[in-house]
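**Q** Keeping the supplied structure of chain A fixed, place chain B upon it in accordance with the hints.
Number of protein chains: 2
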Amino acid sequence: MLYIIGLGLGDEKDITLRGLEAIKKCSKVYMEAYTSLLSFGITSDGLSKLEKVYGKSIIVSDREMVEEKADDMLLEALVSDVAFLVVGDPFGATTHSDLVVRAKKLGVDVKVVHNASVMNAIGVCGLQLYRYGETISIPFFTETWKPDSFYEKIRRNRELGLHTLCLLDIKVKEPSLESLCRGKKVYEPPRFMTINTAIEQLLEVVQNHPDSAYNKDTTCVGLARVGCEDQMIAAGSMEQLLTLDFGPPLHCLVIVGDTHPIEEEMLQFYTINSS
Amino acid sequence: MLYIIGLGLGDEKDITLRGLEAIKKCSKVYMEAYTSLLSFGITSDGLSKLEKVYGKSIIVSDREMVEEKADDMLLEALVSDVAFLVVGDPFGATTHSDLVVRAKKLGVDVKVVHNASVMNAIGVCGLQLYRYGETISIPFFTETWKPDSFYEKIRRNRELGLHTLCLLDIKVKEPSLESLCRGKKVYEPPRFMTINTAIEQLLEVVQNHPDSAYNKDTTCVGLARVGCEDQMIAAGSMEQLLTLDFGPPLHCLVIVGDTHPIEEEMLQFYTINSS
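Chains as they are written, first to last, in full-length UniProt numbering: chain A, 1 to 275; chain B, 1 to 275.
It is worth saying that the hints were derived from the structure and are not from the lab.
Since this is a predicted model, take the numbers as computed values, not measurements.
It is possible that part of the hints are untrue.
Sample of chain B residues at the chain A side, in silico, Cβ under 8 angstroms [claimed, not checked]:
id, residue
1, 13
2, 16
3, 92
4, 100
5, 120
6, 123
7, 129
8, 133
9, 134
10, 158
11, 162
12, 272
List time: in silico DSS-like cross-link candidates among lysine-lysine, alpha-carbon distance up to 30 angstroms [claimed, not checked]:
id, chain 1, residue 1, chain 2, residue 2
13, B, 13, A, 104
14, B, 49, A, 24
15, B, 56, A, 13
16, B, 13, A, 56
17, B, 13, B, 52
18, A, 24, B, 24
19, A, 153, B, 171
20, B, 153, A, 52
21, A, 13, B, 25
Where a beta carbon is used, it is the ideal one built from N, C-alpha and C, also for glycine.
One chain only, chain A, in its complex shape:
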């Protein structure tokens, strides 16, 4: 049996009793490092805290392992109970459908243990989940690569008065361009997109679109470390949010659509410079 277990958003205490019970049964416990590196601070003492609470040693699997060596893990799961831990929910912002498909093709039974993900925890800012349109992802721009297919989605959401959740790029264990050229992988340090960078890119993109789906005065909500003890939420215009320092990762951004009275009251609590 392969247990794919969501760990939630905060720290080692966000696992469910069901998830913990499953881990305790497993002979091996893997954990994806792709996003967890940032949220759980795996490089520091985060991992040992997890291991202490879970009562098991954890094999941290980087992106390559998950993509290239998943079959080894799945073969183990054919003969014993194996846990694969993921930050958030197994089918949240980062999906693990591909792993499920591979498991089922190999005849491995799969059980999913759900948990909170940013896709529902975002509701904490007070904007109702059923009033969101399509979620978008904003990738890091480079000098020569500035993909802006998200613009059209924002425009459509705004036409309908819907909120837009923007998931911001994270780069963990990306091989450096230089190292790829030399044929030997050396990795860039991890990077995560801040709310500030996201807004700068959004404002850069809108200049190429005469129909201006938004501008610097558009109301947004910036959320950092959703679900963690030190989460930060601030509402204001894009221009206002640009002046804030939201601190450590992960960050996300909501472009606010039309609001109902109860949504407005909730936003008030987070509005910059509100009395």
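**A** For chain B alone, kept in the frame of chain A given last:
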């Protein structure tokens, strides 16, 4: 302090360690019965199971209590730690923004403990969360009241190739019309909408719209008891799903938009009559 604690979707084991820790600190523990009655079977031995795991007695608060007497609970939370338990996530399908607004106005500190909700756990069917459009709610039709404002939202989602999550009506502790006329409240037995009823209503509504955003051949996924041990997921045309019995509540339905290859592979596992 008021702790608003998500219990997740399954049973008493779906609470997080963080949620459990908060409950143990609280002098009083309330639980909303509006949806929990159905998911946790509060009328049977479900409540005592919860109380046993949580180590506290639970005051089940029906809808009236939450709406009319919330201030009493909030005043208690001014002077001691009080927990308010909700099924799923505090800001999931059923939102508790109004309670947060009232708490903050009274000067009560609020802490939210997130958990899975149907809004992210729906990802288990293999359709990617970021490819969903606006979520809709389908209310029970009566002979004389058939509101169909959801049709327009489905149409827009389908035009964009997006999936549509349909949340299905539940009626818990609704005063009967007869009793309201007599001035003394007597309650109807709880009712939840099945996937079958939802599809019947969807097919009834589309007949009034010549642009037919969907029809009996449109692919859907029916999900019952998402996140529970006995969850049931089936994919097929509306007509095919109509022939199935999905069993006890809660049910929800996804109208499938354009699919990517990995989504198709996942749907295959749930497709009726697939080889």
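**Q** Does each hint hold? Answer for all of them.
**A** Verification of the hints:
1. 13: Given a least distance of 4 angstroms, the restraint on residue 13 (chain B) holds.
2. 16: Result: holds, 5 angstroms to nearest chain A Cβ.
3. 92: Hint holds; residue 92 (chain B) Cβ to chain A Cβ min 5 angstroms, cut 8 angstroms.
4. 100: 7 angstroms, holds
5. 120: Holds - the Cβ of residue 120 (chain B) comes within 8 angstroms of chain A, reaching about 4 angstroms at its closest.
6. 123: 3 angstroms, holds
7. 129: 5 angstroms, holds
8. 133: 6 angstroms, holds
9. 134: 6 angstroms, holds
10. 158: Since the shortest Cβ distance to chain A is 13 angstroms, the answer is violated.
11. 162: 6 angstroms, holds
12. 272: Violated, because the Cβ-Cβ distance from residue 272 (chain B) to chain A comes to roughly 17 angstroms (cut-off 8 angstroms).
13. B:13 x A:104: 26 angstroms, holds
14. B:49 x A:24: Since the Cα atoms of residue 49 (chain B) and residue 24 (chain A) sit roughly 22 angstroms apart, the hinted pair holds (cutoff 30 angstroms).
15. B:56 x A:13: The given pair, whose Cα atoms are some 20 angstroms apart, holds under the 30 angstroms limit.
16. B:13 x A:56: Judged against 30 angstroms, a Cα distance of about 20 angstroms means the pair holds.
17. B:13 x B:52: Holds. Residue 13 (chain B) to residue 52 (chain B) sits at ~11 angstroms (cutoff 30 angstroms).
18. A:24 x B:24: 23 angstroms, holds
19. A:153 x B:171: 35 angstroms, violated
20. B:153 x A:52: Given pair residue 153 (chain B), residue 52 (chain A) is violated - Cα atoms ~48 angstroms apart, limit 30 angstroms.
21. A:13 x B:25: 15 angstroms, holds
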